[in-house]
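Number of protein chains: 2
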Amino acid sequence: MTRVDGQGVDSQKNGGLSRIQERNRSLILDAALSEFSKKGFSGATVERIAAEAGMSKSNLLYYFSTKEAIYKATLAHILEVWLAPLKMLDADGEPARELAAYIRQKIQMSADYPQASRLFANEVMQGAPQILPILEGDLKRLVEEKAKVIETWIETGKMQRIEPVHLIFTIWATTQHYADFSIQVKALTGRDLSDPVFFEETVASVTGLLLNGIGLTVPQDGGA
Amino acid sequence: MTRVDGQGVDSQKNGGLSRIQERNRSLILDAALSEFSKKGFSGATVERIAAEAGMSKSNLLYYFSTKEAIYKATLAHILEVWLAPLKMLDADGEPARELAAYIRQKIQMSADYPQASRLFANEVMQGAPQILPILEGDLKRLVEEKAKVIETWIETGKMQRIEPVHLIFTIWATTQHYADFSIQVKALTGRDLSDPVFFEETVASVTGLLLNGIGLTVPQDGGA
DNA sequence: GAGCGATTTGACCAAATGGTCAAGATGCAA
DNA sequence: TTGCATCTTGACCATTTGGTCAAATCGCTC
Chain A
82 MTRVDGQGVD SQKNGGLSRI QERNRSLILD AALSEFSKKG FSGATVERIA AEAGMSKSNL
142 LYYFSTKEAI YKATLAHILE VWLAPLKMLD ADGEPARELA AYIRQKIQMS ADYPQASRLF
202 ANEVMQGAPQ ILPILEGDLK RLVEEKAKVI ETWIETGKMQ RIEPVHLIFT IWATTQHYAD
262 FSIQVKALTG RDLSDPVFFE ETVASVTGLL LNGIGLTVPQ DGGA
Chain B
82 MTRVDGQGVD SQKNGGLSRI QERNRSLILD AALSEFSKKG FSGATVERIA AEAGMSKSNL
142 LYYFSTKEAI YKATLAHILE VWLAPLKMLD ADGEPARELA AYIRQKIQMS ADYPQASRLF
202 ANEVMQGAPQ ILPILEGDLK RLVEEKAKVI ETWIETGKMQ RIEPVHLIFT IWATTQHYAD
262 FSIQVKALTG RDLSDPVFFE ETVASVTGLL LNGIGLTVPQ DGGA
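Here the protein sequences come in this chain order: A and B. Here my numbering is used: the first residue of the first sequence is 82, the next is one more, and so on. Here my numbering is used: the first residue of the second sequence is 82, the next is one more, and so on.
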């Protein structure tokens, strides 16, 4: 009857979970991402998550003792992946290449993990009840660091002047739009990022527009 | 005991509601926008909407017989306002002026009606269960019409080539980002659109970036 | 294969919530 | 003032849902 919750009591080995725990937590988190991203926190039900994970509600509650705990774990699980691309912006690279690669990566993320994008958007739109501290802490530091990188590029004349943070917001907003609003995109164009042609068309349009906007030319490989 | 619902039985005059109905429906829709935009459809409760509207739950249900009816009415109420700016894009104007004005207007909307923006975003992210027909109908026609306007500008050499629909998406995504993600914007910059200085800074940055991106120069008045 | 903790589940509970209903209060025309 | 439709509400109900619990089953070590 020991609860496994959160960082869990590491029953046997040092820091690891048992094979069963590993598998079930993973199944739960996948199901939770699907459910939360589709219905939001309030609209999701523990029972549906359990069903999608292939276990009883009671058993799910054995691994995560509350709905909120599932939600937090799901958020934590995707957050690292979600913010990874920005970390790669390299001050020593050429702005055009770096930004083109960043934009492509972000659009790729929107294509590969639209649910994660929507979950994150949902959380922030509700006022970021769970992740506000992260936004104000880690994310803020990261953005300030990368803003400095952009500022350096501007000061060394490598690109046009712009408020770095607004450039970052524009890249986030635009790239994530294709995931979060994919239903609308599909309704208006008949296609979405799952279509490889539309994907490349989107990368080309967005990269062209934004790089052009700061006085850069898209590299031949388009950031690929 | 007659229900007032939807388009309502116009009890007395021709097409009009009684003074009391007018007032209460308006109070309800305001409260509903606040509640739905904050909590989403599932997270919102009829009781809280009623409380915020200053009446009993029962009375609210007298005006809108189901939660879904309130939600639909709220959406319908904001949708027209929300899509209005795009309609003003004028094929006969100069692209720079027209687009600068459009961008400013959209950011102004994000500043003035952030709740409407979030409600709309929420609805679309959940798969647009209520407004999909509108997206595929009226909105699609409108976007196609305006895409043609942009296409004309391109063909007459007034602006650089870009896929018009992607330009529209980028403008939507970016301008609405400042409303939908305002908590994040605030966490990262310490400010949001309610700060007049930040508002103008945002208009300048976004307008500069996007107009530049299609080979245009921002008009002196910045679209104001 | 015995023993014991880890895992799994169905039965159950309490709170929240959307919606109904009958009765009372109010506004207004004659 | 009377009469009637509009408006308003508290009491109430059925369902959904997050979470508890005791009992059963499983898996692994000795």
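Since the hints were made in silico from the structure, they are not lab data. None of the values given here were measured: they were computed from a predicted structure. Be aware that one or more of the hints could be misleading.
Same chains, same names: a pair is fine if it fits in one copy or spans any two.
As the list claims (entries may be wrong) - When the alpha-carbon atoms are kept at most 27 Å apart in a straight line, the in silico DSSO-like pairs for lysine-lysine are as follows:
(1) K138 with K227
(2) K229 with K148
(3) K153 with K120
(4) K120 with K229
(5) K148 with K120
(6) K120 with K168
(7) K221 with K153
Check: Tell me, which hint numbers fail for this structure?
Finding: Structure breaks hints 1, 2, 4 and 6.
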